[in-house]
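Undergrad: Using the sequences and the accompanying hints, generate a full structural model.
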Amino acid sequence: MEKKRNAGFETWLMHIFLVSSAVVVLYPIFMMVMSGFKTNAEIFGAPFALPKSFNLDNYAVIWNTTDVSRYMLNSIIVTLISVIILLVTGTMAAYAISRYRFRGSIMVSLFFLAGLMLPLRLAIIPLFVQLKAMGLVDNLLGLIFIYTAMSLPSTVFILTGFLRALPSELEDSARVDGASELRIMVQIMVPLIMPAMVIAGIYNAVPIWNDFFFPLIFIQTPENKTLAQGLTSFFGEYSVNFGVLYAGLTLAALPLVVVFITQSKRFIAGMTAGAIK
Amino acid sequence: MQTTDYDRAKRARARNLRLWLALLLAPPALILIVFVFLPMASAVLYSLYDWDGLARKEFIGLDNFADILFNPNKNTILFNAFWNNVKVFVSLMIVQNGIALVLALLLARNPRGYRFYQVVFFLPVILSTVIIGFQWKLFLNPVFGLVNKALQYAGLSDWALPWLGLPETALPAMLLVNSWHWFGFPTLVFLAAIHRIPKDFIEAARLDGASEWRIAREIIWPLMAPAVTIIVVLTFIGSFNWFEIPYIMNGLEGSPQGSTDMLGLLFYRTAFGSVSAGGSDFGSGSALAVLMFIFIFVFSIIATKYLTSREVEMS
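Line by line, the protein sequences give chains A and B. So that you can map any letter, position 93 of the first sequence is 93 in this note's numbering, and since no number is skipped, the others follow by simple counting. Count along the second sequence from 1, then add 277; that gives the number in this note's numbering.
Where chain A lies over chain B, by a calculated footprint (3+ residues, C-beta under 8 Å):
| no. | segment |
| --- | --- |
| 1 | 308–314 |
| 2 | 390–399 |
| 3 | 421–435 |
| 4 | 464–471 |
| 5 | 503–509 |
| 6 | 512–523 |
List of simulated lysine-lysine pairs, DSS-like, C-alpha gap at most 30 Å:
| no. | chain 1 | residue 1 | chain 2 | residue 2 |
| --- | --- | --- | --- | --- |
| 7 | A | LYS265 | B | LYS476 |
| 8 | B | LYS426 | A | LYS52 |
| 9 | B | LYS334 | B | LYS351 |
| 10 | B | LYS426 | B | LYS364 |
| 11 | A | LYS132 | B | LYS334 |
Quick list of the computed label-pair ranges, beta carbon to beta carbon:
| no. | chain 1 | residue 1 | chain 2 | residue 2 | range |
| --- | --- | --- | --- | --- | --- |
| 12 | A | VAL176 | B | LEU307 | 32 to 40 Å |
| 13 | A | ASN64 | B | THR585 | 54 to 62 Å |
| 14 | A | LEU192 | B | TRP498 | 30 to 38 Å |
| 15 | B | THR585 | A | GLY161 | 13 to 21 Å |
| 16 | A | VAL190 | B | ASP284 | 29 to 37 Å |
| 17 | A | VAL190 | B | PRO449 | 43 to 51 Å |
| 18 | A | PHE17 | B | MET370 | 14 to 22 Å |
| 19 | A | SER20 | B | LYS476 | 24 to 32 Å |
| 20 | A | PHE17 | B | LEU322 | 46 to 54 Å |
No lab work stands behind these hints: they were computed from the structure. The beta-carbon is built from N, C-alpha and C at its ideal position, and this holds for glycine as well.
TA: Listed below in C-alpha cells is the structure:
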C-alpha cells in the first residue's frame, strides 16, 4: 500500500515536470506570435493580454517595406539546390565506397569522413579570398558550394551506413542479367535508400536554411540576402517598433515550423541521425 | 585462344569499373577539396605570413602565433574570451544536458503525451539561432521586455534587472537562451539511446524491486554511454565555436565589459576588423583559427578516447 502511494506521487511529480517544461517552451513562442498582432501601445501597456484584434497591420508593414519575399525565395533556392547537389554527389561517393571493393577504398572513405572533423568557419579567411577570386562573393552560388561541401561528409557518412546494410543478391542477379553498373545503381539500389536520403537531406537542410554566418560574410547586396540574414538588417531598421519585430520573427519562423509540425517524425529522425548509431 | 579473349574481356571490365568508380568519386571529391580542404590548408599557410589587408607580405614564421599568445595587449583579450568559452561549455553541460537527461529518463517511461512532448521539446531546435536570439533579446529588454514585466507583476520589481546590460548577468542569460534553444536535441538523442537498451534488463531489475533511481543510475546510465560521449563532444565543439547568440544579443565586442566575449567573436573581429581591433588582420586571424582548430581537435579526440573507454558492451 505504502509503495503504491509512493509510485503515484512519483508519477505525479513526473507529469508536473514534463508539463512545466512544455509550458516553458511553448509560452514564449505563443507570446511571440501574439505580440506580432499587437500595436506598440498594447505591448507596453498590457504585455500579457491577448491582442485586441488579430489584424495583420504589422505584417503589412513588413510585406510593403522590406524584401522579405525576396529573402525567402533566396533561402529556398539556396537550400533546395544545395540539398539536391548534396544528395546526388553524396550518394555517388557513398555508393562507390560501400558497394565496391577497390584498392584505396579505405583511404577514400577516410578522406570523406575527415571532413566531419573540420569546422569550416575557421577557414573563413582563405575561403573568402578564394571565393573572391572565383567571383562567388555576393553570389548565391558561392553559398551553395560552401553548404554542399560542408554537408558532404555527414551525408556520405549517413548514406554509407545504409548502403552497406543492403544485401548484394539484387545487385548480383542484375549483373548476371547484363545490367550496366549505372542502371543497377539508379534503378535498383538508389530507390532502396530513399528513406536514408530523406534523413540525410533533412539533417543538412535545416542548418543550411537557418545559417546566417556564411551569408553574413559572403553576401552584401540586399537582393542576395537570405531569410536569417535579412532578419538582422530588419531588426536594425525597426528597432523601436516591437509589434513589427515580433511579427517579423513569427513570419521568419513560420515556414520551417509548418513543415516540422507536419513531418515531425522525419525531422526528429533526420536531425538526430548524426548522433545516433 | 579462348583464354586470351576471356582475359581481354576481364581486363576491359576492370578498366570500365575503374572508370566508373572515378566518375562516381570525382565530383564529390572535387567539391570537398576546393571548398573544404584547400581553405583549411590555406589557413595554416596564411597564419605564417604578414598581411596588409588582402595583400600577402613576407613570410614571418610563427610570429603571428607569438603575437596573439604573448603580446600582453592582446593576450588578455584572448584569455578572457577563452575563459568565457570554458564557462559556456561547463554551464551547458550542467544546465542544458542535465535537463535533457532528466527529461529523457522521464520520457523513457512512456508517459501520457509522449509524442506531444517529443515534438514540443524539439520545436526550438529547428528554429534559426537568429530568430531565437532576437526573440529573447526583445523579451529581455530592460523596460519593455516580457521578463521584467512579469517580474514587476509578480511584485519583484527589484529583480527586474537589465539582464543583458550587466556583466554578471549577460552571459548567464545567454546561456539560458541557448539551453532553451537546444535542450531538445540531447533529450531525444539520450532517449533514443535509452530505447536501445534491451527491455528485459530494466524489467528484471524492476521485478527485483530496484528503485527507479537505482535503475537509472546502475543500468540505464552505463548503457547509454555512447550517446553521452557524442553529446559531450558536440557540446564541446559547439561551445568553443559559440558565435551566433552572443553576436546577435550583444554584438561583436562581447559587451558589457568583455563578459560575453568569445573566441568566435574575437576571431571575427581580428579577421575582418572592428572598432576595437582596428582593420582586418588575416595573419593573426588565421593563426587564431589554427590554434582554435588544434585545441578543439585534440580535446575532441582525447574526450572521445576517454569517454569511449567507459562504455560497456551490450550483448
